[in-house]
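My request is simple: use the sequences and hints to build the entire structure.
Sequence lines, in order, name chains S and G.
Residue numbers for the first sequence follow the working numbering, beginning at 1 and rising by one.
Residue numbers for the second sequence follow the working numbering, beginning at 1001 and rising by one.
Just so you know, not all the hints are guaranteed correct.
Said to hold, decoys possible - Below, a sample of chain G positions facing chain S; criterion: calculated Cβ distance under 10 Å:
| id | residue |
| --- | --- |
| 1 | D1056 |
| 2 | E1057 |
| 3 | A1196 |
| 4 | K1208 |
| 5 | F1359 |
| 6 | A1361 |
| 7 | P1366 |
| 8 | G1370 |
| 9 | L1377 |
| 10 | S1379 |
| 11 | G1444 |
| 12 | W1477 |
| 13 | K1523 |
Treat the hints as calculated values from the structure; they're not laboratory data.
Where a beta carbon is used, it is the ideal one built from N, C-alpha and C, also for glycine.
The lines below spell out each chain.
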Amino acid sequence: MTATPKSPSGSDVRGLTRRGLLARAIAAGATFAVGSGFVAARDAAWAVETAALKPETMAALIQMARDIYPHDRITDRFYAVAVKAHDTPEQAQMIEEGVAGLNLVAQAQGFDTYLAAGWEKDRVAMLRLIEHTPFFQAVRAGLVTGLYNQKEIWPVFGYEGESFSQGGYIERGFNDIDWL
Amino acid sequence: MADNVAKFGHDDASVVVVVGTGSGGGVLANELAQRGVKVVALEAGGRYLPEDYINDEWDSFAQLSWGDMRTTSGDWRVARDFANLPAWIVKAVGGTSIHWAGASLRFQEHEFKAASTYGPVDGANLLDWPITLAELEPYYDLAEKKLGVTRTNDLPGLPGNNNYLVLEKGAKAAGYSKVSTGHMAINSVENDDRMACQQTGFCFQGCKWGAKWSAAYTDIPRGEATGNLEVRDHSHATRIEHDQDGKVTGVRYIDRDGTEQFQRARIVAVAGNSIESPRLLLASASERFPDGLANSSGQVGRNYMRHMTGSVYAIFERPVRMWRGTTMAGIVQDEAHHDPARGFVGGYELETLALGIPFMAAFMDPGGWGREFTSALDSYENMAGLWIVGEDLPQETNRITLNRGQKDRFGLPVPNVHYDDHPNDIAMRNHAYGMGERIYRAAGATRILPTPPYPSTHNLGTNRMSENPRDGVVNKWGQSHDVPNLFVSDGSAFTTSAAENPTLTIVALAIRQAEHIAAEMEKGTL
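As structure tokens, this is what we get:
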């Protein structure tokens, strides 16, 4: 990861220096640092500013994104990009209420919040209880394009994207399978 | 575009108006123009050529697909997963011939006689076609020549990519013998002023080499070059008008500026694909034709077919990289015949298919999540895949209707697409899933994923051909039983779906129809 904190959305996060971030952060579960108007990785390797959502809510969304589509070789930064589209005035109420509902489910399971549950197994069990809600479906459906359409993660899957600019695969392995 | 492109006046009542410019309308328009007939083709979408196509799944989808609001109902899973996207088809000059994969198979003889071959099937509205394979064969010859189909006219087959090689290994090990890289309208060598396939992938997004046949850069410009064809893009047909004798007089449409226009016509041919074509006829209801134009049979919009489909993806120990090369790179045809001993009537084809990561995430298990889902995607590089395409049965209740509760941007009712799987479709799909599993197990797969149908690419049957006017909408020439100067020129005229990908048959019928219309005009009977 880069040493300079960067917004996944490319927005300006000057002032959110590593030291500044950590100084201003309060704990949000074990995973994220949350401060006034931002969520950051615990090591401040990345940060995302929030506009319409509470930072705690954004942190919950990022964790939720990973729990819905867990890819262990993809860092949280990409999940943060994937859910950033929900950080709008139009969606804020639905998302805030949805995360509040999820936290109620967490409390019924003996956790302070969804994010406070450290184990994936416990969090996924909570999500299974709300998977039919419009909130969950909006987040999941948004991830299908929000996450998987990020070209930066395609190499993790081995996917090469377009090949036209390189003349296709006619000379580059369209039939190179050697183990059949 | 050619220099001498025709311009016809809105008041020119001598023209044939063709609505839609895909494999049906685009070919009909060109074939008429070649025969000296003046044609105005109305196309709802814009003009995109190979240099415009985008090799990125979602960006291309946004560029090309028919995204206008539609609604769905019925027990098919598409209604749940893609409630407003029943069909994955194209809105552009050239229509879905930009998106198609290129598989060009002739129907089998018995498939033109589904009712008499299969006998009565509960819930199915089966009917024999009013034409036979023998009657269509000369036009299949012409269509194969036009499309440059591999393994016809001395054109070699395409080389198989990795996805095909896995299919071939497994299919042969499973005992299948009709396994090949198929009959494809993709150049295996330079042909017809178009270059050979460069194994680039992205066949569904429009071929940037022009190696795959599309009306967009063959029939359309060639028709325009005759000086007899004017294509008006961004022109959305809204209503066909008729006179007091019940003959059609022209087509109302909204032009690119949002202004309503009326183009007079001697003949109107409807080729807007099997959702928009019946929608247009239903929307053209009048005092004289209260149930919609050409609908005395009540069959307009009914018998909607979309092929029995599904996919099987399989994961292997080592990489396959299925996205490299031709999207539909090979076929197994051993199950295409009719053998009721399998527990269903009709047959199916197994054809390789590959999706990129963005579409695989959207279509592998719509609504799915969690590690069961993501662990499969994590093995994407090691995946092979095939698509199942089989005959589905016409049912009267599977139909396109006007949804008066939902309006499009012109204020017109959107089409609703209702589809319930027939038990025959389900039995066939389960059989095909089993055979797909057997193929990939035989090739050494470690995990197999049966995948539900995508939004429909093969939309058929909603203005079907029939011998008897009581049973269908058009006769064997695609001519309305009710309105002599109204024709249907797309897959909506199919009487039954057959197992094969429909484009070659749409093209063959369009060539045959053009010959008929031109001859009748010459004789003065049209």
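For each hint, the structure was consulted:
Contact between D1056(G) and chain S, as hinted, is supported at the beta carbon level, the nearest pair being about 6 Å apart and thus within 10 Å. A hinted interface residue such as E1057(G) counts as satisfied when its beta carbon comes closer than 10 Å to some beta carbon of chain S; here the least separation is about 8 Å, so the hint holds. Of the supplied interface hints, the one on A1196(G) holds, with its beta-carbon coming within about 8 Å of a beta-carbon of chain S, less than 10 Å. A least Cβ separation of about 5 Å between K1208(G) and chain S falls short of the 10 Å threshold, and the interface hint therefore holds.
Annotation: interface hint on F1359(G) holds; nearest CB of chain S at approximately 9 Å, less than 10 Å. At its closest, the beta carbon of A1361(G) sits 4 Å from a beta carbon of chain S; the interface hint therefore holds under the 10 Å criterion. Against a cut-off of 10 Å between C-beta atoms, the interface hint on P1366(G) holds, since the closest Cβ of chain S lies about 9 Å away. A cut of 10 Å between beta carbons decides the hint on G1370(G): the least distance to chain S is about 6 Å, and the hint holds.
The criterion of a C-beta within 10 Å of any C-beta in chain S is met by L1377(G), whose closest approach is roughly 6 Å, and the hint holds. Because the closest C-beta pair between S1379(G) and chain S is about 9 Å apart, less than 10 Å, the hint holds. Because the beta carbon of G1444(G) sits about 8 Å from the nearest beta carbon in chain S, less than 10 Å, this interface hint is met. Given hint, W1477(G) at the interface with chain S, is violated; its Cβ is 41 Å from that chain's nearest Cβ, farther than 10 Å.
With its C-beta approaching chain S no nearer than about 49 Å, K1523(G) sits outside the 10 Å limit, and its interface hint is violated.
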